[in-house]
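Chains as they are written, first to last, in the numbering used here: chain A, 61 to 341; chain B, -7 to 284; chain C, 815 to 1053.
Treat the hints with care, as some may be off.
In silico lysine to aspartate or glutamate, EDC-like type, Cα no more than 20 Å apart, as pairs [stated by the list, open to error]:
id, chain 1, residue 1, chain 2, residue 2
1, B, LYS131, A, ASP308
2, A, LYS339, B, ASP59
3, B, LYS267, A, ASP168
4, A, LYS254, C, ASP820
5, B, LYS17, A, ASP164
6, A, LYS254, C, ASP907
7, B, LYS131, A, GLU305
Hints in this document: simulated from the structure, not taken from any laboratory.
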Amino acid sequence: MSAIGLKIPLPRSRHVLPGFSLSLGFTLFYLTGIVLIPLLALVIRPFELGWDGFWAAISTPRVLASLRLSFGMALFAAVIDSVFGFIVAWVLVRYRFPGRGLLDAIIDLPFALPTAVAGIALSTLYAPNGWLGSLLIPYGIRIAYTPWGVLLAMVFIGLPFSVRTLEPVLREVGHELEEAAATLGATRVQTITKVVIPMLLPALLTGAAMAFARGVGEYGSIIFIAGNIPAVSEIAPLLIVTKLEQYDYAGAAAIGVVMLTASFIMLLAINGLQSWAAKRR
Amino acid sequence: MSKTFSSGAGRRAFTSPTEDPLWLKALLGAVTVGFIGILLLMPLVLVFKEAFANGVGAFWNAVVEPDTLASVRLSLVAAAIAVPLNTLFGIAAAWCVAKFDFPGKTFLVTLIDLPFSVSPVVSGLIYVLVFGMQGWFGKYLVANDIHILFALPGIVLATIFVTFPFVARELIPLMQDQGRDEEEAAATLGASGLGTFVRVTLPNIKWGLLYSVLLCNARALGEFGAVSVVSGHIRGVTNTMPLHVELLYNNYDYVGAFAVSALLAMLALITLALKSLLEWRYADELAAVHRH
Amino acid sequence: MSLTVDSVSKKFGRFAALNGASFVAPQGGFVSLLGPSGSGKTTLLRILGGLEFADSGMVRFADLNWLDMPARTRNAGFVFQQYALFRHMTVADNIAFGLKVRPRARRPSRSEIRERVKSLLDLVQLPGLEGRYPSQLSGGQRQRVALARALAIEPRMLLLDEPFGALDAKVRKELRADLRRIHDHAGVTTVFVTHDQEEAFAVADLVAVMKDGRIEQYGVPADVRRNPKTAFVSEFLAA
Chain A
61 MSAIGLKIPL PRSRHVLPGF SLSLGFTLFY LTGIVLIPLL ALVIRPFELG WDGFWAAIST
121 PRVLASLRLS FGMALFAAVI DSVFGFIVAW VLVRYRFPGR GLLDAIIDLP FALPTAVAGI
181 ALSTLYAPNG WLGSLLIPYG IRIAYTPWGV LLAMVFIGLP FSVRTLEPVL REVGHELEEA
241 AATLGATRVQ TITKVVIPML LPALLTGAAM AFARGVGEYG SIIFIAGNIP AVSEIAPLLI
301 VTKLEQYDYA GAAAIGVVML TASFIMLLAI NGLQSWAAKR R
Chain B
-7 MSKTFSSGAG RRAFTSPTED PLWLKALLGA VTVGFIGILL LMPLVLVFKE AFANGVGAFW
53 NAVVEPDTLA SVRLSLVAAA IAVPLNTLFG IAAAWCVAKF DFPGKTFLVT LIDLPFSVSP
113 VVSGLIYVLV FGMQGWFGKY LVANDIHILF ALPGIVLATI FVTFPFVARE LIPLMQDQGR
173 DEEEAAATLG ASGLGTFVRV TLPNIKWGLL YSVLLCNARA LGEFGAVSVV SGHIRGVTNT
233 MPLHVELLYN NYDYVGAFAV SALLAMLALI TLALKSLLEW RYADELAAVH RH
Chain C
815 MSLTVDSVSK KFGRFAALNG ASFVAPQGGF VSLLGPSGSG KTTLLRILGG LEFADSGMVR
875 FADLNWLDMP ARTRNAGFVF QQYALFRHMT VADNIAFGLK VRPRARRPSR SEIRERVKSL
935 LDLVQLPGLE GRYPSQLSGG QRQRVALARA LAIEPRMLLL DEPFGALDAK VRKELRADLR
995 RIHDHAGVTT VFVTHDQEEA FAVADLVAVM KDGRIEQYGV PADVRRNPKT AFVSEFLAA
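Throw the hints in and build the complete structure from the sequences for me.
Structure below.
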């Protein structure tokens, strides 16, 4: 008879490929259980003391000192990592020498090495009787068990971020722009300062931001080499642990919220920097 | 007359405009080698030197000591649970993010990135706040004698939290770059979802997957801060390898601490070597990932 | 003040990019180096610009041993095929770059620089684009800016490396005419590399047809076309 009576079944799913609901569902379930609910617990907990209680918890001298130490040293370390990271990236990308590949691979060591191992190694190395610590003691320079130990550990773990963010950009900059600058009369120094470094700026900042974020939150690499003396060389993560051991959950959570907020801000900043870098292409 | 045509070429009176002068190369090279050598290499060398400071025998004894072996077992078990789960998650997340469009995708991806920016201590703290004595479920757990914290489940959870982004973050850009064409073709040819994934997607992502599982595993075995908060540090029971290192070190058992550290360091070096190998041989496939 | 290139040779590893290239051009002349890829034309240009070193041979220009001087001091404006504009700088800053990097004694004042940039932008027919960034410009506009930038330093020699290679035919024709006009106006000795013979013949006073690192024939376009000296030249021009 007539074919008009044929009913064409509507597709049940709006998606071409299968597995959407399953994969999204599992993803959301996982994220909710592992990430969102625990984070919610963190965010809510300090406020059982109310806003005033929250402020009181984080504005004690000891807490403020630890936050100052963690954030301050992380910033300092990020700057040091940016400067040396630039030099290291420059040498690795631009120069040819035997052993370059090996040197390049070692850069990732702080990434790959467990933080506790790094912690005890650094601590032993820079202790007054350590290989390097003993060389510095005669000059009155103490690293281990002082805030400088904190700085050193943060420089250690932050370096790969700086180098690895700069390397691909340096490779991309290539030689033509430098040649152009030279033909226009620029000296090598002028070329570097006016052409190369401005082009690297987004990558420099991104690397610095990543090193900073990592340094602020770092625990294992630092607690062995720091003195952990309250209000002097005690980092914020350690203070959180201490408060937990004293069952001051709300106090620990309060510091945790501060750190989480900082992490979130850094995350947004880094993403923003990366899109800025991409737009510059 | 040939005086005016004295040859200027053939001898370099100056360096090429894009090359650094020799003195600068020497300086920067020395700074680099010195900096890397002192900052990165020396600690590594020290780990092995201290581990074998009393000879191979002492090293071996420290490694086969019961508490050490227990910590190795615990680390391996925790990783054996966390890594596959995270891999599954990573695949699922990459699949829905790369092959489909939906609102809130950016937020989802940011959420996945979060553990990377969060302090390990905070990563452990959040589980204490949920499962601890004064946590949300604390009373309930105590009443039913369920141990999450200070036991394997807590350790596994903390490990999962800090390592779950690894696989997802590597696979998402990789699969996004590869696009949907091949999977769509498979769909038109009648392949099921799982079939498409196994036959079409998986072969394309296999090196990225291997690479990220490798890193995920290394981090899972090496995690310290987060696990430290939830573990309770019970010697021989709830200490993973990094925690055991801390315990030995704090008890002045330096050979022991560095012996276990040497094991972890060797794992790190093997991971780095495999990572370099994969990067070298499969550079193109991994290039997409590293653009992020 | 002619430009004398005498037996310039250069090897890259075992590959002889230039094999004794020689020519003489009058002051203010417009020479085109024409040839297929691998003929050595770009290498020769880069040697003239100080971006490569010759292995042997010599170049004299303006009474100077040209090859003895670093690129920085030659004052030879160079226009690259891919523009090589400084992406992080505005058009104005790009053009002014060569003036801003001069030592204090020779540096023009800020207002002079601004004037110069403005007149150069007018010259290359891009008035008012001082504040734009290279990423906001079309290919043809970028190349004009690159040209203006090279001209800003009041070069004694202008070197162009297939400057219109990346552009479409219509834009190429426009730019070609503009380049000739600017050359005539400024009177600067110009060397222009291209593989497009129509372009070379349309714009240059003298054409050097190159092959395998040598100049096969050199002369006024009409002569070269009418009297090709070698088989290669006649084939290349017939193509």
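Hint check results:
Of the pairs offered as hints, the one joining LYS131 of chain B and ASP308 of chain A holds, with about 17 Å between alpha carbons and a cut-off of 20 Å not exceeded. Restraint check: the Cα-Cα separation between LYS339 of chain A and ASP59 of chain B comes to about 54 Å, which exceeds 20 Å; the hinted pair is violated. Between the alpha carbons of LYS267 of chain B and ASP168 of chain A the distance comes to roughly 10 Å, so the proposed pair stays at or under 20 Å and holds. For a cut-off of 20 Å, the pair hint linking LYS254 of chain A to ASP820 of chain C is broken: about 36 Å separates their Cα positions.
For the given pair, LYS17 of chain B sits about 17 Å from ASP164 of chain A by alpha-carbon distance, which is consistent with the 20 Å threshold. Distance check on the hinted pair: LYS254 of chain A and ASP907 of chain C sit about 11 Å apart at the alpha-carbon level, within 20 Å; holds. Taking the CA atoms of LYS131 of chain B and GLU305 of chain A, the gap is near 18 Å; set against the 20 Å cutoff, the hint holds.
Checked against the numbered hints above, the structure breaks hints 2 and 4 and satisfies the rest.
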